[in-house]
Amino acid sequence: MFWRLLWQLLRASRGRLAVALVAVVAGAAVCSALVNLHLDAERKLTREFRTLGANVVVSPARDAGSASALLSAATLDAIASVRAPEVVAAAPYLYVVARTAENRSLILAGTWLDEVRRMSSWWTLQGDWIASRDDLSRCLVGRAVAKQLSLVPGRELDLHYAGRSVRLIVAGIVSVGGTEDNQVFVNLPVAQQLADLDGRIGVVQMSVTGSAAQVEQMARVFAAALPGLDVRPIRQIADAEGQLLSRIRVLILATVVLILALTALCVLATMAALAMERRRDVGLMKALGGEMSRVVRLFLTEAAILGVVGGVLGWVGGVFLSGWIGRSVFGSAISPRLDVLPLTVALMFGVALAGALPLRLLGQVRPAEILRGE
Amino acid sequence: MFFRVVGESFARNPRRKLLMAAALVLGMAVATATLTVVLDVGDRLAREFRSLGANLLVTPQSDSLPLEIGGVDYRPVDEGAYLPESELGKLRTIFWRLNIVGFSPFLEVPVEFPVPQSGTRPGMVSRATLIGTWFEHDVPIPDGTTFTTGVRITHPWWRVEGRWPADGARECVVGVALAQRLGVRTGDALALRAGGADFSLHVTGILSTGGPEDEAVVAPLAVAQSLAGRPGQFRRLLVSSLTKPEDEFARRDPSAMTPIEYDRWYCTPYISSIAYQIREVLPGVEARAIRRVAESEGHILTRVSGLMWLVTLAALLAATLAVGAASATTVLERISEVGLMKALGASGWTISFFFMAEQILIAIVGGVAGFGLGILLARFLGQSVFGVPPALRLILLPVILVIAALVALLGSLLPLRRAARLQPAPILRGE
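Respectively, the protein sequence lines represent chains A and B. Sequential numbering from 1 applies to the first sequence in the numbering used here. Sequential numbering from 1 applies to the second sequence in the numbering used here.
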């Protein structure tokens, strides 16, 4: 009896219900899209911050005796053995103050150029990059070096250090907008041979993704794997990143909460209007001898169905909406999250029921008055 | 007649108007708040990004190659070119002077520690770099005012245990790693030798930066200048400035622009135009963007403001939905009035006119109230997120009013059209 009545009720007023459903679906879509976005935005933004390059540095321990202490190649194996997915790139550096044939000093940086490429998105290149870390005959020169020594890609560059010398072919000119503009980059073995420091490196720079706390955690993991070495996040970047991210997070959260409240209110108003339109039905049912609790239950069930169906449909819409926002802002889709579904449905369910509550007030009204249309 | 009908309608049934007005006030408050915040978010975040430090590097034009590793110059003092300190006040005279948040000159001097400090093991290298800079220095500006700047503004991540040295005094802070190596503590006198002359500096604190300065002595610029025998000179200048993210236009070569384009470029705070203006006031320098900072800043700023605009759009949409739904409901509720008016001989147009006039009246009142509430909301939001309330933008008021009126009209249009087509008799019968 109850279900038959409900079915008839839903069928008879499908036009009005459709309008209310549209409001619920739209509200649920906006809610789920924004919650989804909020949950994913921080992860996306920490990835964006990796355009800042290296944020963790491994260097010789501070009490090792002198400032010019060096790391051994075993450090690199230890770093590689940690093999964490958070590490975007890791590159060793050995700096040598070399002299050119014209007796000018410059800094030769020996590193792994394939890894450097992955943590230096802001470098612009004229010529070719050295793609392999086994390429020992070519070098990359900074913009200022190229200007002072009139170098172009393809030219040769002779570098001397303590009686040893090396002849390199310029593969490309890098424009960095920093100290790197004054340096020459080669693969690690070239610098090690020139300085006669086989298997030694100066520092290791790493680019690690994650929040400030996660980076701190990774630094501790590496510190445990590298006893006696100094592993620390670069504070300039870690501090700024943490501060900016927390600001952005609060900002987005505050706006999302505002919109959620507004959307909930909007759905509430629609549901309340729908409920008020049911006055006549309630009056009629009461006049026919229906118990008030049963009548109210009927309409509450109607509202609940509306809320749940609208919530599920809205969640699907929200997934598409947040996907689109993710693509247009971050260039990569935001993965849909299933845990947003119960949240959206519960919110819409609650709001729909709250909107139908004014019906209870009708219990005090005498059916004759309602039926007369007052 | 018209005013009497509308006036009566408001006086007789204020409760019905209340739903509509409440929806309008809330919807427009959220719209105003999000719009105010989003219009300000670029400026605010650009200021927050200054915690990343300087984004412009100024060096002498005809310089030898700096032997810089990790931000410390290892060139001997007699090599390379220098810049005069006295010219620096001119930086605050450029077109975008208010966008220059701070600047710090640097001069590095290699020093030795002749007296073995307590705790030093024999055979240790007792050499380090002394970095001379400003901590919190008052720079005289040509217009007669002074500007306070230094590393405490441009390098906010530097932390000192103890106190910062005074800019005129013979004091210094010692990097945490060097202090450990030498066994130096706050309050000690640090003896050092540069270029054959012996000096003694009072250690006011231990500096930790997480960078190469941890291995150095940082002292006021005047101390480094006298150690290097270069009074009034420095090697490089780091400038922290508020900029607009670079776009296609900013990457064009200014010398190839038409005069109008050039003016637009010059009067936009792109990092390239600020660098250009610095080169104008300081002859013989090269000013370059520190691309690592500038590029990621632009990148992230563009992303975040894009995100905020989309969220604002969602807020506007939600506000529109709320107001539209409330508007439709109020009109639907009064459909029996439409029947009565029709029965008394009013045309569809007249009825629509009355209803729309009412809606617009509510929209204006609700819009103004919503604007006021939204401004309060935005102030609260800005205060709690950035610590600074966003600028009040009165230009938003007409925008909000137009949106409110449009949405209220649009929401009542559909039910009114339906009402206009209905026969008066069934409506009056209550069907």
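Worth flagging that the hints you see were computed from the coordinates, not collected in a lab. Only a predicted model underlies this, so the values are computations on that prediction, with no experimental measurement involved. Some hints here could point you the wrong way.
[As the list claims (entries may be wrong)] In silico DSS-like links for lysine-lysine, alpha-carbon gap of 30 Å or less:
{"id": "1", "chain 1": "A", "residue 1": "147", "chain 2": "B", "residue 2": "17"}
{"id": "2", "chain 1": "B", "residue 1": "90", "chain 2": "B", "residue 2": "244"}
{"id": "3", "chain 1": "B", "residue 1": "90", "chain 2": "A", "residue 2": "44"}
[To be verified] Here are some chain B residues the structure puts well away from chain A; computed CB gaps all over 10 Å:
{"id": "4", "residue": "34"}
{"id": "5", "residue": "49"}
{"id": "6", "residue": "138"}
{"id": "7", "residue": "169"}
{"id": "8", "residue": "242"}
{"id": "9", "residue": "280"}
{"id": "10", "residue": "295"}
{"id": "11", "residue": "300"}
{"id": "12", "residue": "334"}
Backbone N, C-alpha and C fix where the C-beta goes; we use that ideal spot for every residue, glycine too.
Now for the hints, and whether the structure bears them out:
no. : hint           : in the structure
1   : 147(A) x 17(B) : 74 Å, violated
2   : 90(B) x 244(B) : 22 Å, holds
3   : 90(B) x 44(A)  : 41 Å, violated
4   : 34             : 6 Å, violated
5   : 49             : 7 Å, violated
6   : 138            : 26 Å, holds
7   : 169            : 27 Å, holds
8   : 242            : 15 Å, holds
9   : 280            : 20 Å, holds
10  : 295            : 4 Å, violated
11  : 300            : 5 Å, violated
12  : 334            : 13 Å, holds
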